[in-house]
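There are 2 protein chains.
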Amino acid sequence: MNSDRLKVVLDEREIPKQWYNIQADMPNPPPPHISSQTFKTATLEDMTALFPKEALMQEYSRERYIDIPAPVIEEYKKYRCTPLIRAKSFEKALGTNCKIFYKYEGGNATGSHKLNTALPQAFYNKNEGIKRITTETGAGQWGTAIAMACSLYGMECVVYMVRVSYQQKPYRKIFMETFGADVYASPSDNTVIGRNYLKENPNHSGSLGIAISEAVEDAVQREDSHYSLGSVLNHVCLHQTVIGLEAKKQFDVFGEYPDIVIGCHGGGSNFSGIANPFLEDKIRFGKKTRVIAVESAACPTLTKGIYSYDYGDSAKIGPIALMYTLGHDYIPSGIHAGGLRYHGASPLVSSLLNDKLIEAQAYSQQEILEMGLTFGKSEGIIPAPESSHAIMSAAYEAKKADEEGVRKTILFNLSGHGYLDLYAYEKLLSKTLENSDFDAKDMDSALKKLPKINA
Amino acid sequence: MNSDRLKVVLDEREIPKQWYNIQADMPNPPPPHISSQTFKTATLEDMTALFPKEALMQEYSRERYIDIPAPVIEEYKKYRCTPLIRAKSFEKALGTNCKIFYKYEGGNATGSHKLNTALPQAFYNKNEGIKRITTETGAGQWGTAIAMACSLYGMECVVYMVRVSYQQKPYRKIFMETFGADVYASPSDNTVIGRNYLKENPNHSGSLGIAISEAVEDAVQREDSHYSLGSVLNHVCLHQTVIGLEAKKQFDVFGEYPDIVIGCHGGGSNFSGIANPFLEDKIRFGKKTRVIAVESAACPTLTKGIYSYDYGDSAKIGPIALMYTLGHDYIPSGIHAGGLRYHGASPLVSSLLNDKLIEAQAYSQQEILEMGLTFGKSEGIIPAPESSHAIMSAAYEAKKADEEGVRKTILFNLSGHGYLDLYAYEKLLSKTLENSDFDAKDMDSALKKLPKINA
Chain A
0 MNSDRLKVVL DEREIPKQWY NIQADMPNPP PPHISSQTFK TATLEDMTAL FPKEALMQEY
60 SRERYIDIPA PVIEEYKKYR CTPLIRAKSF EKALGTNCKI FYKYEGGNAT GSHKLNTALP
120 QAFYNKNEGI KRITTETGAG QWGTAIAMAC SLYGMECVVY MVRVSYQQKP YRKIFMETFG
180 ADVYASPSDN TVIGRNYLKE NPNHSGSLGI AISEAVEDAV QREDSHYSLG SVLNHVCLHQ
240 TVIGLEAKKQ FDVFGEYPDI VIGCHGGGSN FSGIANPFLE DKIRFGKKTR VIAVESAACP
300 TLTKGIYSYD YGDSAKIGPI ALMYTLGHDY IPSGIHAGGL RYHGASPLVS SLLNDKLIEA
360 QAYSQQEILE MGLTFGKSEG IIPAPESSHA IMSAAYEAKK ADEEGVRKTI LFNLSGHGYL
420 DLYAYEKLLS KTLENSDFDA KDMDSALKKL PKINA
Chain B
0 MNSDRLKVVL DEREIPKQWY NIQADMPNPP PPHISSQTFK TATLEDMTAL FPKEALMQEY
60 SRERYIDIPA PVIEEYKKYR CTPLIRAKSF EKALGTNCKI FYKYEGGNAT GSHKLNTALP
120 QAFYNKNEGI KRITTETGAG QWGTAIAMAC SLYGMECVVY MVRVSYQQKP YRKIFMETFG
180 ADVYASPSDN TVIGRNYLKE NPNHSGSLGI AISEAVEDAV QREDSHYSLG SVLNHVCLHQ
240 TVIGLEAKKQ FDVFGEYPDI VIGCHGGGSN FSGIANPFLE DKIRFGKKTR VIAVESAACP
300 TLTKGIYSYD YGDSAKIGPI ALMYTLGHDY IPSGIHAGGL RYHGASPLVS SLLNDKLIEA
360 QAYSQQEILE MGLTFGKSEG IIPAPESSHA IMSAAYEAKK ADEEGVRKTI LFNLSGHGYL
420 DLYAYEKLLS KTLENSDFDA KDMDSALKKL PKINA
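Those protein sequence lines, which keep their order, are chains A and B. Residue 378 in numbering that gives the first Met the number 0 is what sits at position 379 of the first sequence, and the numbering runs on without skipping anything. Residue 324 in numbering that gives the first Met the number 0 is what sits at position 325 of the second sequence, and the numbering runs on without skipping anything.
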């Protein structure tokens, strides 16, 4: 081990030239998406109303490595490679004997890993003549990233922002607007779906599922528009693998290899980004690495949901996928980690979990924010509440290893900073953090509404 | 020129081991500070009530290179070296033929260059047994940096935050609190000075000069406390030279050398950080580099102030220094670039300007925010309003060179990001930006109150 190194930074020339597609290696790649209109395998026509062809090719590809377009690499160069950092001060704060590393994706313009997929998605759309992208955002990280990518490629961007976030995070809204995006609180007046929800309840606080429905409805209305999703889908997870691919090169420089790889899990893209390149080594070359997806105890899709076909959005107009789900009608409580408030999960991650190639853990809002603060005070980076879930798991695994008398090397993805989410920490510090329980009865009733698919 | 490179990142092993002290080379190093109590040269005893001895040695040193303590380098490793980036997209947006580079200091934990001096200052204080640091903050960048540094070294931190910022920037306050700092709106009830100002006006919006006075009064009351300043002083400017020293190494990799070096100027530390290492080449080796300090037209200390001895703080309890000043009683209008709202200037920068080794420019709030947005949309980083002044100057110089038919290489310091200052851009976008005029009459009357010093 090159033990006097605190971090490894790589030159822009070390940015991967290809993404890693885990579908080439996993025992059970996800089946094709199902149309919510026909209940049959979604055709290319069903999907091209929403997504660019290049992204759809990637969605179903079984090629192991897929080229990153040169113009996207040019944009990656503005902020990649991101650093791999040994968390020595955090280790000291924990009093652990383990070695903890983190890949820091928050240093870029938009403050999170989301830019890694926003750039290629915007690029592919632009190439196909699309002039306008619609999307949803919860915590605001995805909305910021796609707003910036659209600005770089000269496209319009329309963001449906979950109303509770829209109200709680005015800075996120302004941030998107500085990149020229139009931001609407969802449910909104813009769509039939939005108006229906507002009729039910004019103060509806919204959900990710509803915002997705609105963005999809908006996109299909117009020839010049496509919809863009910041997580869940296979091609989105694919784009994020630059994270893990870089991390592997950086571990080579450290002369180390992780025993445990950890990512938080909302829709699955950040987790896939850090995990999949290490899973390649596990599946193909027999590495014994443990890989852990960490979710919110208030939205425990992977740990308490079921593996089934379900709708991706609340209004049931987007594709149906085989995944872990709490039911598309399930509305999780209003936790600060807005990015982890999704009823479903990445089909890729779901299949890997079902095949026991990965594990899942869930932690409460209180404990992750406390650990996030411990991390922030020692390492100096206030983490996004989402990322704090991964930090919590790293601390838990380190403690367990200490108790077992073994010294583990642990890697987690610090997917974003929390400078625009400080409200959550303020609540923690002032001891006014809201309860954020999971309601098993709500899930049971939501699970009764799953679509019946014979695939 | 290595022209296919977009940015040069250097390894943590390339972090400078020594700071560059321009006092060794400048024609007229600043004279010693004057005590505001005795009107004579401030003794070491006068100063050790406020500052650690090591910092005071640096304040008056004429050694060209001063060692950076190894434990400080360890902390620098968490975020240094910072990248030097070619602003190709911004060049394209401007349509310029010039090559524009920026050193990006906003990628670290606290979002600005201020951490470069917060770390050594906290370290020196800790080494001398100090348990508590008091300071002021305007925009909040300095307060955040010193709060984090105190947290890393296990010291208490008390921040007097200019009231108008305290109210406008709740996130900055929470940010400091997450690092365990106590933050008070200034003028406050904590000090005699603060109470006097509040007696005059219970809703006093505060100023940097008043907040400094409060922090100084607080520090001298207690044996265990020192005061810490985020700019102006020679040792603070010294610590920032890591910026320019790294930039020179990075230009070597690019195979370039800047014709023009630009930094914004409030108290002078960020400007000195990028400029002084290039000024060494200019003074010692005859390089023809133009070096430009950029200030706010609402607080035009360098372009409209006079070169004279003046008090550093409004209540006249801190040291007196020879510098450009608008008068210690001058209260600049409430611009969003809070870091540029100081009546005085760095004595180092002032002497260099007086000797015509550097130039000064001033720009209005409207034009710098517009240019900041242009930069953000093309490069993807929303700049702090302070840094946008440097960007404006770079754009101005590029345009001028284009008109003259010459191709210049321009470097500016992007000292911080604007993610916690988005309010300023929101005002610009919604066309509700406040006027921010300079009042020459106010300055004339403030200049009548300068201390009479026979030095």
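Hints are computed from structural coordinates only; laboratory data are not their basis. Fair warning: there could be bad hints in the mix.
Because identical chains share one entry, a pair is satisfied inside a single copy or across any pair of copies.
[What the hints assert, rightly or not] Cut-off 25 Å, straight-line C-alpha distance, at most; resulting in silico cross-link-like pairs (DSS-like, lysine-lysine): (1) K125 - K281; (2) K125 - K376; (3) K39 - K448; (4) K407 - K76; (5) K398 - K355; (6) K407 - K315; (7) K125 - K87; (8) K286 - K426; (9) K87 - K315; (10) K130 - K87; (11) K91 - K76; (12) K426 - K447; (13) K355 - K315; (14) K315 - K426; (15) K52 - K448; (16) K130 - K91; (17) K247 - K287; (18) K448 - K407; (19) K448 - K399; (20) K130 - K407; (21) K247 - K407; (22) K130 - K376; (23) K376 - K76; (24) K248 - K76; (25) K248 - K87; (26) K247 - K76; (27) K87 - K355.
Evaluation of the provided hints:
Proximity of K125 to K281 under the C-alpha cut-off of 25 Å is found in neither arrangement, the shortest distances being 37 Å within a copy and 47 Å between copies. In this homomeric assembly, K125 and K376 come within 25 Å of each other (Cα to Cα) only across copies, at 17 Å, whereas the closest approach inside a single copy is 42 Å. In this assembly of identical chains, the alpha carbons of K39 and K448 lie at most 25 Å apart only when taken from the same copy (18 Å versus 83 Å across copies). In this homomeric assembly, K407 and K76 come within 25 Å of each other (Cα to Cα) only across copies, at 23 Å, whereas the closest approach inside a single copy is 33 Å.
Taking the shortest Cα distances, K398 and K355 sit within 25 Å of each other inside one copy (23 Å), while across copies they are farther apart (60 Å). Taking CA atoms no more than 25 Å apart as the test, K407 paired with K315 passes in neither setting, with 44 Å inside one copy and 57 Å between copies. Taking the shortest alpha-carbon separations for K125 and K87, only the inter-copy value of 20 Å comes in at or below 25 Å, while the best intra-copy value is 43 Å. When the C-alpha separation of K286 and K426 is checked against a cutoff of 25 Å, the pair qualifies neither within a copy, at 42 Å, nor between copies, at 54 Å.
Neither within a single protomer nor between protomers do K87 and K315 lie at most 25 Å apart by alpha-carbon distance, with minima of 47 Å and 44 Å respectively. Only between protomers do K130 and K87 lie at most 25 Å apart by alpha-carbon distance; the minimum there is 24 Å, versus 47 Å within a single protomer. For the homomeric pair K91 and K76, the shortest alpha-carbon distance between copies (16 Å) is at most 25 Å, but the shortest distance inside one copy (33 Å) is not. Proximity of K426 and K447 under a CA criterion of 25 Å is satisfied in neither setting, with 36 Å inside one chain copy and 49 Å between copies.
Neither within a single protomer nor between protomers do K355 and K315 lie at most 25 Å apart by alpha-carbon distance, with minima of 29 Å and 69 Å respectively. Proximity of K315 to K426 under the C-alpha cut-off of 25 Å is found in neither arrangement, the shortest distances being 35 Å within a copy and 39 Å between copies. Taking CA atoms no more than 25 Å apart as the test, K52 paired with K448 passes in neither setting, with 31 Å inside one copy and 71 Å between copies. For the identical chains of this complex, K130 and K91 are inter-copy neighbours only, at 21 Å across copies versus 51 Å inside a copy, given an alpha-carbon limit of 25 Å.
Taking the shortest alpha-carbon separations for K247 and K287, only the intra-copy value of 15 Å comes in at or below 25 Å, while the best inter-copy value is 45 Å. When the C-alpha separation of K448 and K407 is checked against a cutoff of 25 Å, the pair qualifies neither within a copy, at 43 Å, nor between copies, at 65 Å. Within a single copy, K448 and K399 get their C-alpha atoms no closer than 40 Å, and across copies no closer than 66 Å, so neither meets the 25 Å cut-off. With identical chains, the CA atoms of K130 and K407 are never at most 25 Å apart, being 49 Å at best within one copy and 36 Å at best between copies.
For a Cα distance limit of 25 Å, the shortest separation of K247 from K407 inside one copy, 17 Å, qualifies, whereas the shortest one across copies, 40 Å, does not. In this assembly of identical chains, K130 and K376 lie within 25 Å of each other by CA distance solely across copies; the values are 17 Å between and 44 Å within a copy. Taking the shortest alpha-carbon separations for K376 and K76, only the inter-copy value of 16 Å comes in at or below 25 Å, while the best intra-copy value is 30 Å. Taking CA atoms no more than 25 Å apart as the test, K248 paired with K76 passes in both settings, with 17 Å inside one copy and 19 Å between copies.
Taking the closest pair of Cα atoms, K248 and K87 come within 25 Å of each other only inside a single copy of the chain (20 Å); across copies the shortest separation is 28 Å, beyond that limit. In this assembly of identical chains, K247 and K76 lie within 25 Å of each other by CA distance both inside one copy and across copies; the values are 18 Å within and 21 Å between. Proximity of K87 and K355 under a CA criterion of 25 Å is satisfied in neither setting, with 31 Å inside one chain copy and 46 Å between copies.
The structure does not agree with the numbered hints 1, 6, 8, 9, 12, 13, 14, 15, 18, 19, 20 and 27 stated previously, though it agrees with the rest.
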